[in-house]
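Listed here are the chains, written in short residue letters.
Protein chains: 2
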Amino acid sequence: MLGNFVYCNPTKLIFGPDALEGLGEELNKYGKRVMLIYGGGSIKKTGLYDKVIKTLAACGKTVVEDAGVMPNPTSVKLDEGAKIARENSVDFILAVGGGSVIDYAKAVSVSAYCEYDPWEKYFIRFEDVSCKIIPVGCVLTMVGTGSEMNGGSVITNHEQKLKIGHVFGENVFPKFAILNPELTFTLPKKQMVAGFFDIMSHILEQYFSGSDDNTSDYIMEGLLRSLIHSAKIAVRNPLDYEARSNIMWIATWALNTLVAKGKSTDWMVHMIGQAIGAYTDATHGMTLSAVSLAYYRYILPCAPEKFARYAVNVWGVNPQGKSLEEVGEEGLREMGRFMEEIGVAMHSSEVGVTEDIIPGIAKATLIMDGGYKILTTEEVEEILRASL
Amino acid sequence: MLGNFVYCNPTKLIFGPDALEGLGEELNKYGKRVMLIYGGGSIKKTGLYDKVIKTLAACGKTVVEDAGVMPNPTSVKLDEGAKIARENSVDFILAVGGGSVIDYAKAVSVSAYCEYDPWEKYFIRFEDVSCKIIPVGCVLTMVGTGSEMNGGSVITNHEQKLKIGHVFGENVFPKFAILNPELTFTLPKKQMVAGFFDIMSHILEQYFSGSDDNTSDYIMEGLLRSLIHSAKIAVRNPLDYEARSNIMWIATWALNTLVAKGKSTDWMVHMIGQAIGAYTDATHGMTLSAVSLAYYRYILPCAPEKFARYAVNVWGVNPQGKSLEEVGEEGLREMGRFMEEIGVAMHSSEVGVTEDIIPGIAKATLIMDGGYKILTTEEVEEILRASL
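Going line by line, the protein sequences match chains A and B.
For reference, each letter of the first sequence is one residue, going 1 to 388 in the working numbering.
For reference, each letter of the second sequence is one residue, going 1 to 388 in the working numbering.
Just so you know, the hints here were simulated from the structure itself, not pulled from any lab data.
Hints should not be assumed to be uniformly reliable.
Repeated chains share a single entry, so a pair holds when one copy, or any two copies, can fit it.
Calculated lysine-lysine pairs in the DSSO-like style (CA-CA distance at most 30 Å, straight line) [said to hold, decoys possible]:
#1 51 x 261
#2 121 x 232
#3 322 x 132
#4 261 x 189
#5 121 x 190
#6 373 x 29
#7 261 x 175
#8 77 x 29
#9 12 x 132
#10 51 x 322
#11 132 x 175
#12 373 x 77
#13 261 x 12
Let the hints inform the model, and build the full structure from the sequences given.
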């Protein structure tokens, strides 16, 4: 049900093949000292780095760089980044990369002037920001996380074997996001499809929750159908602009708070996937795909109507003469066929899970209460074994 | 295709049964002198007026009132409102009402300090704002126009027999919108269903345009299915919170620029409907319903694939063994059945159109070029005759 909520999403999205041309105008709204954050250097190979540096120079900015953000950014790296931002008194943070880079940039923006240990404050105690926030903008090169239009940030603590996400308020949302679908063309296929599944999982985590039939469910069904349609095209031809642009747009709207309205939201697939990630450092989207079918098959009996609706409205399953559970199972089989077609991990063994680490992963899995069933740690173990 | 565009929608939406409690906090962000704009006084009967006045007083505001905004606000009224705003140097405009009241408030906000005749500048010459803009906020009491989260404003000039809309930029969007579905419960049924059809028409004007298969089409199919589902419930029980809240939410998202992305957009039904409105002063949504089926039947042969997709994905038509046009026609028949079920005007004769004024209405109809066919004035006449 659409009860009491506030929707406010001030991120300005500049979309399309010419989107980067809008970067200068946005940068001009902020101060002179810019911290440029990026990942492993692929943006240097593609020429994007040079274009961004040229724009920064044309805007008269002083640039301090923080490169080498890893796929699962760590709390150790975060402390270093916060120090760089603070010591250089940066006025603005420009993140160029995928979700990890933007997640990390947001974490730096609230950690530079944080009077406590940011890992402890934000990711263990889930506290609100109480210090000055450095504004962030981004140029997106990989789609999936939706980090470009939300307050989410996931950080990994290797010592504690924990990968935890914090959702910050709208004052931490990127001020702008440059979304050029062509910038995603050079991404390796494995990362591309992992991103596709990450998007699908974001939608499903929200869709499979709550008992009401509200507009968010209908919007999500539309987003899912568009995603499935375009993902099949993009896998055959990664240079198909229309498919890649649709997927970039879906990724943003899948996780910018819109479709969560009226939903309790589940996030158990992400909790299990993140626990796997903390153990194996596997690609985020692949950890999600590896456990999704096992999880949803386990959960199906708790909400057969919703799973049947999913099968019919998203996968086109014909419900005639079948029980709700049969229809729901057919939908999950169709989902499995799609996952095989695009080439994501189908089993958790593919992302490094072995019998011996299952108890540890299950123990590290945060248990959420927004889905159709509140799991026990034993049930998480059971799902992980079924997913092997 | 999702080409180059900017999406930025800064309106803060405060939704739900308790939404009005958020009004004070928003008002406190602006200056002391508030212009309160409303319509025919129904807000006094429902008690909403007293609640708003109490909040304004609690915030220490000086209030100047501008009541009596008519369903189709006129250019004469606009000149009066602009004068009130200017002479009282108001810091903020609070609109309490439906789309007409909010449309009018936005027009006042850009006309108070306009150095030219606002009707001529904005609605005849379609010029951008070049003067100071007074910020606007709103409390919505009737859904349909989507005016609460966009820059649209429709003004009628009776002398010139013209009803014209201007779409202003994001600096004219309401700063906030209070969306309490319960405030719409007291609306007379005729106005309620006219609003439902206005929403449907907003979506269809965008859906039936362009040749590409993009995510916006999928989102719109979801919005339409949710609207149809909830409208049927609301007509049987106008006090059904879930149905009314879904419809309020759909109305906002149908016309806040999101689903237009990648679409050329048509708007011919609105152009014909507005021309009828300028002649008959009929309820906006009813003028749209009265001509929609005649218009879409006329246009169907130009885009049979899209009409067939509409029939299948929105109305559940079984396409087997039928031509695209047959499937499309079946979809329009289903749409007609739905329109009869909710009780909107099915013929233009019901909204005051007669043979003798058809040439005048057709001549007053602005011809747009974003749909599947660029009409001639003769074709508009033909459609109007078919709709009688």
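Okay, the hints, checked on the actual structure:
Taking identical chains as interchangeable, the C-alpha atoms of residue 51 and residue 261 lie at most 30 Å apart only when they sit on different chains, with a minimum of 27 Å there against 38 Å within one chain. Taking the closest pair of Cα atoms, residue 121 and residue 232 never come within 30 Å of each other, the shortest separation being 42 Å inside a single copy and 49 Å across copies. For the homomeric pair residue 322 and residue 132, neither the shortest alpha-carbon distance inside one copy (57 Å) nor that between copies (63 Å) is at most 30 Å. In this assembly of identical chains, residue 261 and residue 189 lie within 30 Å of each other by CA distance solely across copies; the values are 27 Å between and 33 Å within a copy.
Taking the closest pair of Cα atoms, residue 121 and residue 190 never come within 30 Å of each other, the shortest separation being 34 Å inside a single copy and 54 Å across copies. Within a single copy, residue 373 and residue 29 get their C-alpha atoms no closer than 47 Å, and across copies no closer than 43 Å, so neither meets the 30 Å cut-off. When the C-alpha separation of residue 261 and residue 175 is checked against a cutoff of 30 Å, the pair qualifies both within a copy, at 22 Å, and between copies, at 20 Å. Proximity of residue 77 and residue 29 under a CA criterion of 30 Å is satisfied intra-copy only: 28 Å inside one chain copy versus 38 Å between copies.
For the identical chains of this complex, residue 12 and residue 132 are neighbours both inside a copy (21 Å) and across copies (23 Å), given an alpha-carbon limit of 30 Å. When the C-alpha separation of residue 51 and residue 322 is checked against a cutoff of 30 Å, the pair qualifies neither within a copy, at 57 Å, nor between copies, at 53 Å. For the homomeric pair residue 132 and residue 175, the shortest alpha-carbon distances inside one copy (15 Å) and between copies (24 Å) are both at most 30 Å. Proximity of residue 373 to residue 77 under the C-alpha cut-off of 30 Å is found in neither arrangement, the shortest distances being 36 Å within a copy and 57 Å between copies.
Taking the shortest Cα distances, residue 261 and residue 12 sit within 30 Å of each other both inside one copy (20 Å) and across copies (14 Å).
In this structure, the hints that do not hold are numbers 2, 3, 5, 6, 10, 12, in rising order.
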